[in-house]
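Chemist: Here's the letter readout for the chains.
2 protein chains.
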Amino acid sequence: MRQSQLFGKTLREDPKDEVAANARLLERGGFIYKSMAGVYEYLPLGLRVLERVNGIIREEMNKIGGQEILLSALQPKERWEKSGRWASLGEEVMYQFRDHSGREIGLASTHEEVVAEIAVRSIRSYKDLPLFVYQIQTKFRDEPRAKSGLLRGREFLMKDMYSFHRDTDDLNKFYAKADKAYRAIFKRCGLAVYMTEASGGTFTKEFTHEYQAPSPAGEDLIFFCENCDYAQNREIATMKEGDPCPKCGGRIATTKSIEVGNIFRLGAKYADAAGLSYTDEKGAKKPVIMGCYGIGPGRVMGTIVETYNDAHGIVWPAGVAPFRAHLIVIGNQASPKHPDKSGATGQARIKNQAEKLYNRLLKSGVDVLYDDRDDKTAGEKFADADLIGIPYRIVISERTLAKKGIELKARAESSSRIMSEAVLIKKLLRKTA
Amino acid sequence: MRQSQLFGKTLREDPKDEVAANARLLERGGFIYKSMAGVYEYLPLGLRVLERVNGIIREEMNKIGGQEILLSALQPKERWEKSGRWASLGEEVMYQFRDHSGREIGLASTHEEVVAEIAVRSIRSYKDLPLFVYQIQTKFRDEPRAKSGLLRGREFLMKDMYSFHRDTDDLNKFYAKADKAYRAIFKRCGLAVYMTEASGGTFTKEFTHEYQAPSPAGEDLIFFCENCDYAQNREIATMKEGDPCPKCGGRIATTKSIEVGNIFRLGAKYADAAGLSYTDEKGAKKPVIMGCYGIGPGRVMGTIVETYNDAHGIVWPAGVAPFRAHLIVIGNQASPKHPDKSGATGQARIKNQAEKLYNRLLKSGVDVLYDDRDDKTAGEKFADADLIGIPYRIVISERTLAKKGIELKARAESSSRIMSEAVLIKKLLRKTA
Chain A
1 MRQSQLFGKT LREDPKDEVA ANARLLERGG FIYKSMAGVY EYLPLGLRVL
51 ERVNGIIREE MNKIGGQEIL LSALQPKERW EKSGRWASLG EEVMYQFRDH
101 SGREIGLAST HEEVVAEIAV RSIRSYKDLP LFVYQIQTKF RDEPRAKSGL
151 LRGREFLMKD MYSFHRDTDD LNKFYAKADK AYRAIFKRCG LAVYMTEASG
201 GTFTKEFTHE YQAPSPAGED LIFFCENCDY AQNREIATMK EGDPCPKCGG
251 RIATTKSIEV GNIFRLGAKY ADAAGLSYTD EKGAKKPVIM GCYGIGPGRV
301 MGTIVETYND AHGIVWPAGV APFRAHLIVI GNQASPKHPD KSGATGQARI
351 KNQAEKLYNR LLKSGVDVLY DDRDDKTAGE KFADADLIGI PYRIVISERT
401 LAKKGIELKA RAESSSRIMS EAVLIKKLLR KTA
Chain B
1 MRQSQLFGKT LREDPKDEVA ANARLLERGG FIYKSMAGVY EYLPLGLRVL
51 ERVNGIIREE MNKIGGQEIL LSALQPKERW EKSGRWASLG EEVMYQFRDH
101 SGREIGLAST HEEVVAEIAV RSIRSYKDLP LFVYQIQTKF RDEPRAKSGL
151 LRGREFLMKD MYSFHRDTDD LNKFYAKADK AYRAIFKRCG LAVYMTEASG
201 GTFTKEFTHE YQAPSPAGED LIFFCENCDY AQNREIATMK EGDPCPKCGG
251 RIATTKSIEV GNIFRLGAKY ADAAGLSYTD EKGAKKPVIM GCYGIGPGRV
301 MGTIVETYND AHGIVWPAGV APFRAHLIVI GNQASPKHPD KSGATGQARI
351 KNQAEKLYNR LLKSGVDVLY DDRDDKTAGE KFADADLIGI PYRIVISERT
401 LAKKGIELKA RAESSSRIMS EAVLIKKLLR KTA
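Residue numbers (the numbering used here), protein chains in the order written: chain A, 1 to 433; chain B, 1 to 433.
These are calculated hints, taken from the structure and not from any lab test.
Careful, some of the hints might be misleading.
Pairs involving identical chains hold if they fit within one copy or between any two copies, as the list cannot separate such chains.
[As the list claims (entries may be wrong)] Taking lysine-lysine and the DSS-like style, the derived pairs with C-alpha atoms no more than 27 Å apart in a straight line are:
| # | residue 1 | residue 2 |
| --- | --- | --- |
| 1 | 139 | 77 |
| 2 | 256 | 351 |
| 3 | 180 | 77 |
| 4 | 82 | 286 |
| 5 | 177 | 381 |
| 6 | 147 | 77 |
| 7 | 139 | 285 |
| 8 | 139 | 34 |
| 9 | 256 | 173 |
| 10 | 427 | 247 |
| 11 | 147 | 285 |
| 12 | 77 | 34 |
| 13 | 34 | 173 |
| 14 | 285 | 9 |
| 15 | 77 | 16 |
| 16 | 9 | 381 |
| 17 | 269 | 34 |
| 18 | 356 | 63 |
| 19 | 9 | 286 |
| 20 | 286 | 177 |
| 21 | 127 | 351 |
| 22 | 63 | 363 |
| 23 | 376 | 426 |
| 24 | 63 | 240 |
| 25 | 127 | 9 |
| 26 | 77 | 363 |
Isolated chain A, as found in the complex:
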């Protein structure tokens, strides 16, 4: 992609109304645009990162047998009255209104009710179980405090998986698998997380589990063992800082953190409300046991930015970066202040080599953003590259031309190296950063 044509420009200054680092950096870098409090538009750079996160989630969900579906936001009141949540969610966070005909409608903030209703058509016998479905879909929540950029939105993408089981034992088996998948997802996104015991909110009276990423930007507080990683959410915590861990005796510490995912045992509540049951081997009718498993891809993206940034901008982990490399051409424009020794010929030569390299990188399968802008100084280009935070910066300039090489610098490192094109491409194609 040529940066001269990119929709979304970098801003010189932080947006005035944003406090959270993720919102400031993502908006300044041209990744997102604030539409209203808690509602952001994804520009091309931002959508690329979001789709990387979604891609990782899809892969891990498919690996544990998840089938992708797509559910809708508009919800009839009647469905939610069966589960008793029309009133409870309506008071809190569910947008509810009447259509032109006067019918009451809600915007889904979660999908247990409808997925259980649909499953009635698929699940009749024990042979139809277990079953795992998931979607990556837009949720709506009327959040009173939407001030944390992508961390707490009024409209946000959510991956929600639902599992259906013949009994609690089978649910528990899958719960452990889902835990593994979740750990893999966060690891691939560059996030270290604690699996934390938590309360179930409106979902369940049992303990649930949250995946908490330690961060000073977090609104949550967790207590965790420095030795064995056992952790509790503040709301249900029975331990405090300095206590011995109830599991291993290690020292308990505390940290602010961001909830990036959660997994819930739902029992038969939503299945019962939807009339979902199955017939076992002996012909007896049994309740279907459900689990649900959520991750907010946008919130994950925001948490990555909170975790990976420095004074100059974002430092994307390789797995979620919008591009693999950022190719910058310096000295492609005549400047009266800094006249180029070889003049117009030199400019053409530099530009020419940059164009060639750009095409060669694309052909080799290296995902590259090419800063071909001819109205920006070297300083402006370097500052933008640091702000955008693509893992590798490639520079073509008079200096690199004189050295018959190409300059490569990792965003996370301070020193650059000159190397041949062949070595450069090999390095960029390596899977690991």
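Starting from the known structure of chain A, fit chain B onto it as the hints suggest.
Modeler: Just chain B now, kept in the frame of chain A:
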């Protein structure tokens, strides 16, 4: 994918409350689930088709320089007051309501206002033009008549592209390119369309263009030339059936049709409302000229079903089919009514060959749905295959085993052929149907 594990079962009977063929067949086939009037859930089979359509659209949009973005549904009233559409759309089809704090919110049925607002940050000079962005995103419309399945929804996916230009000449150049891209998209989806002159609705006072697919299920009526394809929508028609074509003198005919896409010249209306302008080469401030280009992927999917079906079910065109092939194993279960000559050994042998072929097809890159269900008769399996409408049906049975081959039948044809595995795979891997 193993059909025994597929979420979404086929129904024996048509759903009672559906009139449109697309709704009946897609719901019976387990592609979609009706959540409420005009609101459908996509089950795994349905989402696969939808994503095929989306994939074709993305490819063609990227080819003409489109950059993908993702805009949000929640809209502040203030933005739409600037363009004057808060009142006009609110009376008709826009869901509008108050959040818990009393703020007025709308659900976007289109995105001109916000995309022009964002573009203010990207477009300053003539050098920033032209620019093309698009999204595939969920729209909401409070439709009074939502009775046509995927053809007219209250919540539906929409591909909307927006183009930004320095003048009408440049817009017209791109308009022609977009027309070509649209024709390519519909062709790849198997739809023959007329590019039809139409009125601009709330968008513009100029003529716009619709892409109309002739179909008895259509709610529109078009007049078209049998010779040169010139066409007009009923609302603006100056010709009637039997008239000579004003372009070429050919005969004008008429047909019911489904609007599957449209392209609009917007002029400067939305740019002006958002304060979007650019500076030209001489430093003069000029209005930005916009165009917009819509396609409903779900409506395209519904139109394909209206176009490609027979008495037994859907007949998917290859480019959008949920799978390339449907592998059916017959005689994998002991049946007291039809005892297998070789008994349990024979069943195991058949099952074994089917499993082997399934794995080989997957390895070869053939996208295959495998009907491994052991509680269905051959008749039930064949009926389901016809209903679901995957382009190629492969059968493994005692008969094919005896002939040392595999049976292949195209869904659109009536006769089958026995062939070797190598020939079968080669045929299935061919790009064209």
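Chemist: Hint by hint, which ones does the structure fall short of?
Modeler: 2, 3, 5, 7, 9, 10, 11, 13, 23, 24 and 26
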